[in-house]
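For the record, the sequence lines run as chains A and B. Oh and the first sequence: position 380 is 380 in the numbering used here, straight run, nothing missing. Oh and the second sequence: position 124 is 124 in the numbering used here, straight run, nothing missing.
Keep in mind the hints are simulated off the structure, nothing from the lab. Be aware that a few hints might be false.
[What the hints assert, rightly or not] EDC-like mimics (lysine to aspartate or glutamate), calculated; alpha carbons at most 16 Å apart, straight line:
| no. | chain 1 | residue 1 | chain 2 | residue 2 |
| --- | --- | --- | --- | --- |
| 1 | B | K137 | B | D7 |
| 2 | A | K275 | B | D212 |
| 3 | B | K409 | B | D175 |
| 4 | A | K441 | A | E13 |
| 5 | B | K210 | A | D424 |
| 6 | A | K409 | A | D175 |
| 7 | B | K210 | A | D272 |
| 8 | A | K210 | B | D7 |
| 9 | A | K441 | A | D175 |
| 10 | B | K409 | B | D335 |
| 11 | B | K275 | A | D212 |
| 12 | B | K21 | B | E108 |
| 13 | A | K320 | A | D212 |
| 14 | A | K409 | A | D170 |
| 15 | B | K320 | B | D212 |
Protein chains: 2
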Amino acid sequence: MINAVLDHIKSRETESLARMKAFLRIPSISTDPDRKEDVRKAAHWVLELFNGCGIQAELVETPGHPAVLADTGPAKGDGPTILVYGHYDVQPVGERSLWRTEPFDPTEVDGAIFARGSADDKGQVITHMLAAEAWKKAAGGLPIRVKFLIEGEEEIGSPNLRTVIESRKDALKCDYVVLSDTSKLNWDIPAITYGTKGLIYKQIDITGPKQDLHSGAFGGTVTNPGNALARIIASMHDSKNRVAIPGFYDTVRALPDAERKALAALPYSEADYLKMVGSPSLHGEDGYTTNERRWVRPTVDVNGVFGGFMAEGQSTIIPKQVGAKVSMRLVPDQDPETLGRLFDEHVQRVAPPGVNVKVRTLASAGPYVCPLDLPGLVAAKAAIQDGYGKPPVLMREGGTLPILPMFKKLLGAESIMIGFSVPDCNLHGPNEFFHIDDFYKGIRTCAWLVHHLAKPR
Amino acid sequence: MINAVLDHIKSRETESLARMKAFLRIPSISTDPDRKEDVRKAAHWVLELFNGCGIQAELVETPGHPAVLADTGPAKGDGPTILVYGHYDVQPVGERSLWRTEPFDPTEVDGAIFARGSADDKGQVITHMLAAEAWKKAAGGLPIRVKFLIEGEEEIGSPNLRTVIESRKDALKCDYVVLSDTSKLNWDIPAITYGTKGLIYKQIDITGPKQDLHSGAFGGTVTNPGNALARIIASMHDSKNRVAIPGFYDTVRALPDAERKALAALPYSEADYLKMVGSPSLHGEDGYTTNERRWVRPTVDVNGVFGGFMAEGQSTIIPKQVGAKVSMRLVPDQDPETLGRLFDEHVQRVAPPGVNVKVRTLASAGPYVCPLDLPGLVAAKAAIQDGYGKPPVLMREGGTLPILPMFKKLLGAESIMIGFSVPDCNLHGPNEFFHIDDFYKGIRTCAWLVHHLAKPR
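The shape of chain A in the complex, shown without the other chains:
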């Protein structure tokens, strides 16, 4: 069966590329109110692709943009049911002049398609849709049940996703969630991402005097909110770059030796990494490698500071107010609520007298790690091996996907992340692209995934 499916995929590559481009031509920018109809148009485009090959699909309306639900229906055998999650909405274009091609006119350059959404996530999610279609058309059906949840609000924080899932819990029931919204390790090496960090985003606002004061007339008599902010932020790390918030590491899971060795075995060049970030040198928590620091160790970072006189030149004031955005990335088993509280308590404890310090939580999401012995993950590895002709590496991700712990909690399902784009595909930036070769290999990998899940090795 799989051979017929692969033949079908092979024979339709040109057509598949044309269809992906048509999808990319719809400017479905979810954050732009003027694009509301285009967003809906993209949802309908997804809907029609499913309907066109006999996969039952429907729009689920929300107060914002609709989600598309699809279902290939009960399958023969007792293979698992998977839920493919993806999104059809895209990021804004940003500064138009930085694009070398039209963001919504997909353009082939050096074997890649340049367009907004090509990597994130239209070009990646359509691989699963086209693989399911191939199974339908070439094999008459799928050996496992595949459901799809393709939302239109991922780029604005999925505000209605929880409600959609809760209201359609039975319809979305599955053994694994599968998503292609991550990347390979690099241009050559396919990967499965098995862990993401959690995120707590805080804003610290410090107020002192009732108005900006003359720093000469009043200096030395009142607590300067700027000095207070520095003291608070500086107190968050010790001299070994470990986070110094009491209790911060209490629940952090020690990395198993096997996993540590596997991470150490990944190809890594400090010179390349340094070139990518452009810092004078690399640093971080004592006793860990760069990849461990990025992927498996929790962090605290300043995202921004502001307040007082910020323009060119000089103004001699004691600012009445300053603030900072500070975020933490969490790892298992750091509970966002507990860690948020530890952060708040620490800030208040180290705050000097003479100022008022307020801490607000702007975002909070948990980390996610997929068990490495999950049968679905084993099948995904085999699928990539067959789709790419080489085995994937297993890696983690320092970023946060709040939907993963949400799926785990609401559907009881682990998530499997197979990404076909490259790390420097400019997602969210100008000149986003997706390799055509990865697109074709992605479709084949998705077809193989269905095959291997039905017949796990």
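Could you slot chain B onto chain A? The hints should help.
Quick look at chain B alone, frame taken from chain A:
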């Protein structure tokens, strides 16, 4: 002789007030290019007042606004020569809607004149001009030689003053500089300000990665410029709020017991002060009073911080760059150049690896303290006693007047600061005012000053 002068002043009060108002009607905003002609008009107004009573005066042109030089000429006896310094330019109006009266239509409200420049400095410097005129007209001349240097660029940092002084050094030769550009201690208590702090204004710019990085993807692997900035600023004070820059206090002159006692004897209400600043509580360097902290102890203050994501909401970045404005107020004998160097060295020493830290100097000026046993100061005390009917207190000022060390250096003359305005006269803000009673008492005090300098007690 002094009685005839005082009678003359008394009989001309209404006329003097009208003349002061005429002076205030000229919108001589030195920073506003559109007001260039008005600034010159104010210079000519000053010139004509001198010429009108037979005091030789001239305009000294500069690349900017002109200065007015005047000289009453050699006097009988061997009394000292004084140089009255003041400025005829004014600050911009600022937000017009905050003014309750027209800024350039002097308006009497509750015994005060409300107008831009009424306290800073037109209304104050004209007291000396009118006193000299009274001596000329009522006594036929002055018992000491009085020179005037009234510039038009004080509110833009006196960019050409040094050149004016250097080019007219002989003409400006004097024993004391006298200026009325400060205030009384409060509404009831006249004062002589005998010390000002120096100022060093620094900008710290910290760069790390070549662009803003995703705090999830890269967090923990590079030094975050925001965390680095906090560490640097926090390192500038210890837990007792003393400045922790090595060498910072090395040359600070210990306050003589007598001076400390005198400052302690000044009327002071912590409740009033706290109400004025509006902070939750007062704090500062351990072991010193609020007035000592304001006036005689050096300080380091953050004036502003900026960088990274500063808008509403959240953006999870490691900022590529952050910065801060930090200033120091210096006291005798802190040398601005040495202290600036100590600051720079400290910043580089505590800066963590992985970032580039640059420090720029935006301003640098020395402190000034007038010897308390200066004969001119003794005469000034007597003049205020006679002009106000009560003795002045001696106080210092936390702000900086770069002209004072400049006069000391270029002319070898100490400066005597007698101010007639009140501390909350809104100078530089909306609704600036000067009490009419202080205006009249000010003229009398200036007349008495000439008298007492000629016959020092």
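Okay, the hints, checked on the actual structure:
1. K137(B) to D7(B): Distance ~11 Å between K137(B) and D7(B) Cα, so the pair holds.
2. K275(A) to D212(B): holds (14 Å)
3. K409(B) to D175(B): OK: K409(B) and D175(B) at ~13 Å, within 16 Å.
4. K441(A) to E13(A): holds (10 Å)
5. K210(B) to D424(A): With a Cα-Cα distance of about 15 Å, the restraint between K210(B) and D424(A) holds, given a limit of 16 Å.
6. K409(A) to D175(A): holds (13 Å)
7. K210(B) to D272(A): The hint holds at about 14 Å.
8. K210(A) to D7(B): violated (46 Å)
9. K441(A) to D175(A): violated (25 Å)
10. K409(B) to D335(B): With Cα atoms ~14 Å apart, K409(B) and D335(B) stay inside 16 Å; holds.
11. K275(B) to D212(A): holds (14 Å)
12. K21(B) to E108(B): holds (10 Å)
13. K320(A) to D212(A): holds (5 Å)
14. K409(A) to D170(A): Distance ~14 Å between K409(A) and D170(A) Cα, so the pair holds.
15. K320(B) to D212(B): With Cα atoms ~5 Å apart, K320(B) and D212(B) stay inside 16 Å; holds.
Violated hints for the displayed structure, listed by number in ascending order: 8, 9.
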